[in-house]
Amino acid sequence: KKEIDAILRDTLLTPATVGIKVVSIKDNKVLYEYNADKLFNPASNMKLLTSAAALVKLGPEYRFKTVVFRSGDIKDGKLSGNLYLKGLGDPDLKTQDLEKLIKDVKWHGIMEINGDLIADDSFFDDIRQGAGWAWDEPPVYWNARIGALSLNENLIEIRVKPGSKIGDSIRVILEPPTRYVKIDNQGITGASGFESNLTVDRILERDTNIIAVAGTLAVDSKGITVWRNLENPPLYTITVFKELLEKSGIRLDGEIKIGISPLDSVIEFGVHYSKPLIEILYYMNKTSSNFVSEQVLKTLGAVFKSEPGTSEEGINVIKDFISQTGIDSTKYRAVDGSGLSTYDILSPSQIVNLLLFMFKSFEYQPEYLTSLPVSGIDGTLRKRMNEPIILRQVRAKTGTLSRASCLSGYAITKRREIVAFSIMINNFLGDVNSMREIQDKICKALVNF
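To get the numbering used here, take the position in the sequence shown, counting from 1, and add 125.
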């Protein structure tokens, strides 16, 4: 207690609000608490709730589906009807998965579609961002759009390389190489050793996603790779699907559209199953993926409440689950699955209650613990707490927003006692790394206990 008290006297914390709770797993004894019942913005510590609810409600073996349907008959290689691609929330659908679905289409002998290609995104609502997300966030990977039919996390990879000689335009390579995105390349190749000043933006003009590249890249540069989010996930997905169909030799006579599969009059003839949910949650918590969290949240709403899945109904499922841990749903606020929202508020006590519940769950404890970053080893803790004394001794979820820095999870003391803890810091003025250093010092004190 004295050691943590001393850490909290750091002048960097003077303007900040801090809450901490540490509880022994063995006997539920409170080992330390400070402002433990006050409410804080949890940032990505919200993912602890989302992943726990998904693990228990859906089960670790749950798999997301993406389905191809057809209407009409097939004769002489021609489908006289529409082809539908229906998404059921898969957060891990990749370009190569669409290629496998196209093999299913070809296996049925289809070489021409005398109809339309329709993207069915109706498993979720069409709200692409969470409540309380900042409107002026840049189009980057951690701000990806949400959609029941989503591809490559609704991101596009952009590789920028210098031209052959000084003065040449730089080269911009997209993955996947799709016509859904237009390129505005104003970048120039500069002299050897020139300090690059490239900007790579994604802008939306008349419903068209444009990758705008400007600045200078040195001729001897190895180039850069960035990811940018894209608007309209179902249209992005169905456009790439159409391009892959054409590449495989299948001709589309009609148009690409957004619509709903008439399930009473279509035939399923291709399905892709995602990885098991536990593998998806592992990626979600280790890397702190906001996109995956929101896909999982709306899936909870669609499966356990009603279609289309919404964030609100997903939160209701989480609240139903969290009530089992003894947490009063009127004593906190949650509006999204990732913690990107500024509206979320939780207390250290509530988070520790959840951690205790999950640790004591024989069915789900191993999977839950495995999904959390390990100190000095992987995920968002890979470069933190890597001294020998604390290496591998902490499994915890990080959380970062502009004025919120949190760390909650489990630590093992030198007496081999496992503790659940939550450290929440809001409204600080210093650099976020200084807040992380304070959290790491507290964890070191726990491990030394």
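Worth double-checking, as some hints may not be accurate.
Straight-line alpha carbon distances no greater than 30 Å define the calculated DSSO-like cross-link-like pairs of lysine-lysine that follow [as the list claims (entries may be wrong)]:
hint	residue 1	residue 2
1	K444	K182
2	K163	K126
3	K347	K411
4	K126	K286
5	K456	K190
6	K444	K456
7	K163	K225
8	K163	K182
9	K539	K566
10	K456	K219
11	K286	K347
12	K182	K566
FYI, nobody ran anything at the bench for these hints, they're computed from the structure.
(request) Compare the structure with the hints numbered earlier in the document and write down the numbers of the violated ones, lowest to highest. (result) Numbers 4, 5, 7, 10 and 12, in rising order.
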